[in-house]
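Student: Residue-level listing of the chains:
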Amino acid sequence: MGAGHSHPLYVHAHSPTHRLAPEVKVTATVAFVSAVAVTPREAIWAFAVHAACVATAAAVSHIGPGFVLRRLLVVGPFIAFALLIPFVGSGDRIDVLGVAVSREGLWGAWNVIAKAALGATASILLAATTEVPRILTGMTRLRVPAVLTAIASFMVRYLEIIAGELGRMRTAMAARGYAPRWLWQARPVAISAGALFIRSYERGERVHAAMLARGYTGTMPEIGVPRASGLQWWTAGLLPVVAWTAAVTALVAPA
Amino acid sequence: MHAPDGFLNAGTAVTTGVLSVSAVGASLRHMRTSLADRQVPLAGLAAAFIFAAQMFNFPVAAGTTGHLLGGALAAVLLGPATGAVVVTVVVVVQALAFADGGLTALGYNVLNMAIVTAFGGYGMLVLLRRVLPDNATGVVAATGIAAGLSVPLSAAAFAVEWLFGATVPVPFDTVFGAMVGVHLLIGIGEGLISAIAVGAVLAVRPDLVYGARDLDRAQIAMRPRVGMRPFVIGAALVALLFAAVVSQFAAPDPDGLERVAEDQGFIETAEDHALATAPFADYATEGLRNKSVSLAVAGVTGVIITLVVGLGIVVAVRDRAAGRRPDADRAPRSAGTS
Amino acid sequence: MTAAGRTMRTATDGGARASAPAVEVSGLRFRYPDGHEALAGLDLRVERGQRVALLGPNGAGKTTLALHLNGISVADAGTVRIGHLVVAEPHLAEVRRRVGLVFQDADDQLFMPTVAEDVAFGPANLGLRGAELDARVDEALAAVGADGLRSRTPHHLSGGERRRAALATVLAMRPDVLVLDEPTSGLDPAGRRELVDVLGGLPITQVVITPDLPFALELCPRSVIIDGGRVVADAATPDLLADDDVLRRHRLELPFGFDPRAVARQD
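Residue numbers (our numbering), protein chains in the order written: chain A, 1443 to 1697; chain B, 2 to 339; chain C, 46 to 312.
These aren't lab readings, by the way, just hints derived from the structure by calculation.
Model, not experiment: these values are computed from the prediction.
Please note: incorrect hints may appear among the correct ones.
Stated by the list, open to error - What the simulated footprint calls covered on chain A by chain B, stretch by stretch (three residues with Cβ under 8 Å from a Cβ of chain B suffice, anywhere in the stretch; the number is not a length):
id : stretch
1  : 1490–1504
2  : 1604–1618
To be verified - Not everything, but these chain C residues come out facing chain A in the computed CB check (under 7 Å):
id : residue
3  : Asp153
4  : Ala169
5  : Leu171
Each residue gets a CB set at the ideal place from its N, CA and C atoms; glycine is no exception.
Please construct the entire structure, taking both the sequences and the accompanying hints into account.
Tutor: Below, the structure is given as structure tokens:
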């Protein structure tokens, strides 16, 4: 559920995508993924267009297919679920390689897999070309409440420290021979979670004191970040526009 | 539980998105009042804690491990509004920075993992504390049950969303039965870990447990140790029992259930044409010969979720209106050892 | 790398008030919610430009005192004055500009995504923007020799770099008084050396809480021992460190082989 989040996806490089302002990239990604999400599943050609868009974006960003495929494992469980659907789904059966599967189920599986894979790839490209603090700056520029992005920024800043403290607690427990295998042996783990909460909260109180000491009165001060130029918006907008054109065409065209 | 893009249809994505944004917006206003200038650092560090807590694994059986969701835990420790905001931040950053969960699926991911678990979990805590003793034991037990149930509650919410927005031909009953059934078992771990964690916090800094803020010193007494193994086995048996009942829905021909429904005389065996015009996804109510039963289940589920989550919201609003804790700069307890 | 030759400009009081002590604490009392009395009638006076070391055993109340100097903690009784200002509303904003508090854990003070944003946080709260803000950030970073740390993320910095960055975040407010809580903790000898050089080059009043007695001797001509929430000794540092009785009574101990009298003879 929450596993495998320890390392952000950012890949340091100097591609054009890396240089784009974060709010531009976030908007373009959301616009593109929305187009994918509304595309009717029967319009396979439209998905080919979407895939081409994503491949172009990846190439421009200097992100290789291997990197993307490895990260795509995160949608693995849903792909697995999708593969089961033709077998358990309802509706007419058709024959595929001698096995009777649900026709609706096949379409449904295709729908899930295509959209999940395309959407995840777009997200991966966004995360790979934009450092997390910059993503949050982009969110602020997009009018997300400053409180939320400030909370997210602090979360990102202190995550490594908190995770590190957790790791040290675990190491200490392991060093004393603790190797639990069953849920009823999990008491020390749970207690360490409680201890970690206290430590995190107390650090929050200290950070608050440090903020007060530097004049904080409740609103994060605006420290200037350069705005994106019109050219940036136009360039980044190309791919989502293409995707939306395909999606809308597929939606309105007769089947 | 981090659903990918396109898993549910656009209408569902938008509707749940609107619900989530409203809930988060309201929660932010509540936080501004209750935490004032402490909200950013405290919520930020709490979010880092929840994120880290979701990463760590606890043993479940024979070496396999499980992970925390943390919504109910966050609500018990921080209050439902702050808890909901904190988990929302975690889920959103996971989608943006780690590509975990579709960006267009944020509406229902946030709703299920943050709003339903935090407010629903807190609502259940309040209900349970009415019947459990007013001391640390009571709070810990209530936390365990509430957190344990928050997981299948979240799955049930997903199933109800499935009813409206499914894009694959798997009927609501199957999804409901499978999801809720499995998550009843997963909830055991969540409940146990949450309960013990809250107990650990109560032992050292009881002032940090929002759900126990009404207890006085005497009530925060050492609680009797419950044997872990019998407790877990007992909880597992209870969960299995419920899961067995619930998963009847997943079976294609739940004769027993239908027979009961027919005998009671409240369903017809003929298709109800009125139902066909309802805004349900094409497949969602297929499977059972009788749409009525599955819709009845969906209806009851929806009502339960709304009541429990609504209770959490009402309690949060009432707490905000009733009394505010003094917000003068408190001396930080943890000011080093000098 | 030294800070010699770089002067960090500080705001000055009006000439007519130049005689007010930088810090004046009178009869300060404070009890924590759990009942522990951390300050039991503490008096302290620090003149402008002085560097004073606060010594004492753990739990003596030193950090608690530091938190009262800029109003983060509010005393049960007694007053704190910074210059002519009493540390209380409505002066708290100005007090917090005048008193720069450097915490024990540098990570608690570096909460922004980059060092530059952290250093800018304080002056931005004071209302600075644009080119003026940038100039102030540059000035503070230069004062601690951390120009190269501008766009670095805090968790990738070494202990010494973090400590200097934290110091810069405070110096950016151009304080009159610098209060440092165990500034050498977690530093290796090189980091410690850098810090001594930086602090020695800053012409600001400094109150330094430290268990590191040689550090106190090197940096602060005057030392005050705090124990049980009040001041129990106040003298020139070489004299204080040469008094074995006083040290032993308050659980202080010189490093093995360290002879403060030998150090004094060298000067």
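Student: What hint numbers does the structure not satisfy?
Tutor: Of the numbered hints given earlier, the structure breaks just one, which is hint 1.
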